[in-house]
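*Asks:* Sequence:
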Amino acid sequence: ALLRPEARGSGMRFGWALDMVGDFAVVGAPGEDSERGAVYVFTRSPEGAWARIQRLTGTVYSYSPGDEFGSAVSLSEDGADLVVGAPGLNGRRGCAYTFRKSKYSNSFQID
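The opening position of the sequence shown corresponds to residue 1 in full-length UniProt numbering, with each subsequent residue numbered one higher.
These are computed hints drawn from the structure, not numbers from a lab.
Mixed in with the good hints there might be a few duds.
Using C-beta positions, here's what the derived DEER-type ranges look like [stated by the list, open to error]: (1) Asp-23 <-> Gly-66: 16 to 22 Å; (2) Ala-1 <-> Pro-65: 19 to 25 Å; (3) Tyr-104 <-> Pro-65: 31 to 37 Å; (4) Ser-62 <-> Gly-9: 20 to 26 Å; (5) Arg-92 <-> Ala-51: 33 to 39 Å.
Even for Gly, the Cβ is constructed at its ideal location relative to N, Cα and C.
Model the full structure from these sequences, guided by the hints.
*Replies:* See the structure below:
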């Protein structure tokens, strides 16, 4: 299967970081939107088809050029928790965002 972002621009670096647990895959694109970055969440159907279900950004605390949100991604063993690195945030001091999967859907919410 080929996983792709919805938007396709040069320099997105889609696939820079990725992780997969069960039928979920998360893919970082730290170069997207002037290096603000994004993370794409995909799910696999019982038939084996992959679909993008969510696009995450670092808008909760900051969303500035150079944040590089999505440079690192990691799912917990059960796929319920996601950590996303943004090494360029706050003058290159960086940070890690934590997200938790909703009990009622497959979408992630900031923790």
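*Asks:* Quick one: which hint numbers does this structure break? Sort them smallest to largest.
*Replies:* Hints 1, 2 are the ones this structure does not satisfy, whereas the remaining hints hold.
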